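S.K.: In terms of this note's numbering, the sequence shown has 395 at position 395, counting the first letter as 1, and numbering is strictly consecutive.
Hints may be right or wrong, so weigh each one.
As the list claims (entries may be wrong) - Calculated cross-link-like contacts (lysine to aspartate or glutamate; reagent style EDC-like; alpha-carbon spacing at most 20 angstroms):
| # | residue 1 | residue 2 |
| --- | --- | --- |
| 1 | K304 | E249 |
| 2 | K482 | D91 |
| 3 | K482 | E96 |
Note that these hints are calculated values from the structure, not bench results.
From a predicted model like this one, the values you see are computed outputs, not experimental measurements.
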Amino acid sequence: MTETRATENSETATAPATTAAPGAPAATPAPAAPAVNSAGVPAATPNQGALDAVAKGTIPTGRAMWVMMALMLGSNLLASFNQSLMNIALDGVAVEFHVSLSVANWMVLGFTIVAATVITMAASLLKRFGIRRVMGFGYLASLVGSLLGFFAWDFFSMLAARLIQALTVGLFFPVVTSVILTMAPKGKKGTMLAINSGAIGVGLAFAPLVAGLLITYTGLRSLFLVPAVLSVVLLVLGFFFLHDIYQRENRPIDAPSVVMSFAGLGLFIYGLNEITRTFLPSLAFMIGGAVVLALFAWRQFRIKTPLLNLSPFRHPRFVVGEMLMMLGYMGSIYMSLLVPLYLEGAAGYTAFVAGCLLVTPILCYAGACFVGGRIEDKHGIWPLVPGGFLLILLGFVAMQVFSSVGIALAVAACAAASYIGVGLVFPTLKAVDLGALPAAIYSHGSSIHSTLVQIAGSVGSALFVGIMSADADHLMATGATKAAAYAYGFSHTIIISIVILAVAFVGATIFALIMRKHRAR
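Using the sequences plus the hints, can you model the full thing?
M.R.: Here it is, written out as structure tokens:
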């Protein structure tokens, strides 16, 4: 028999949610007072709901809870696999469809723009339709997009497949985080979020390996078979083991906000991607995108039911932590996209060999996520976060040195060191940021976090790949070899990354010292 436990919001009291997996009996919820940590911030206990309009709901306990938690982690593994599917394939896309790297990069940019837009709707969709329907739609979107990608007949049909797959990421990342925050046992929030980041890391690790193997021996389109199979498996398991744990609310979705979010991100990212080719027109696109995004933010504070509740930005700890997270994530995006381009284009490795070389670094990231979460739960972020940023920075400096003399294996080893730093920083900052928020706005904080991750990914991808593509095209047009052009572009972009990471390290050190004093009180 499925066991359930109650979740209560301290602000209101309404009827409990009763929808569960087929055959699962309803439970009678029992209210419990929310816990408060030493800093006066509501702790992530099993008694707290993650949605501000939820008063009471039933969530599974015991075996049923862990099965559902495992399914959530598997769903994020699928999402991360979809997101990183094309990271090692950009050079192959450029060759297959006879386009430049900056055009091929829209397989990544278009994906992240759609994902970021959907993330802004995730909290509203979760309230309106519940976990089972939202997750089920995500599995179906992944399946449809994967099948379209497998049968893609040109660049634009494959791009359409990627945009459909992006719906899954936009739904799963914030929803899974909200569920974990709600269901995590007392004192295990950081650990569970770290395990979640580790599951995402496993997807990131095996996507390059599997993608490289398939590209090298069976062709570009076969990449889409793996997420298609995973989607079918998770769709079937979700039918039996997913539970609706939140109170439903018929909340409207503001269509103008959806349009402004998509248009603003699209204009800004398009301009950034082309800034090194056509400066003034691209700058105009970026300014236009920034204006539209500012109007989007203004509208969220003016309408009754905002698409994205921006109230978490009233918490300074959340704001600073998210800014640092974005800078760190740009370093992760660099390694996910530029290191494969270097290994394939400059060092001359096949996509499969490049994928093999990236497995160990990304698995290091997954392991570091777990270690970082355990340390943060017990000791806080000092010296964990500044130490992680320092490790990322030193790894990038070493990559610059070894890439300049053409030692590709050393570049991969340095990437592993940097990935460990990302693993120590990313889930730790996420736990600290969301832990600064009242439980009533966990879902909004999660949606904002996931949106900013996608924005940071888009900015990093557009900036770094755009610069490297422009460098490569220019040098090859003057007679340079592809290897020499790619090597120069890699060296150019890594210097920019080092500057960004140096700023992040200084900021992280100051932030961690302040948090240390706060914890000591």
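S.K.: So, for every hint listed, does it hold in this structure?
M.R.: Checked hints:
1. K304 with E249: The given pair, whose Cα atoms are some 14 angstroms apart, holds under the 20 angstroms limit.
2. K482 with D91: This hinted pair holds, its Cα atoms lying about 11 angstroms apart.
3. K482 with E96: Status holds; Cα separation ~16 angstroms.
Figure legend: structure checked against the earlier numbered hints; every hint is met.
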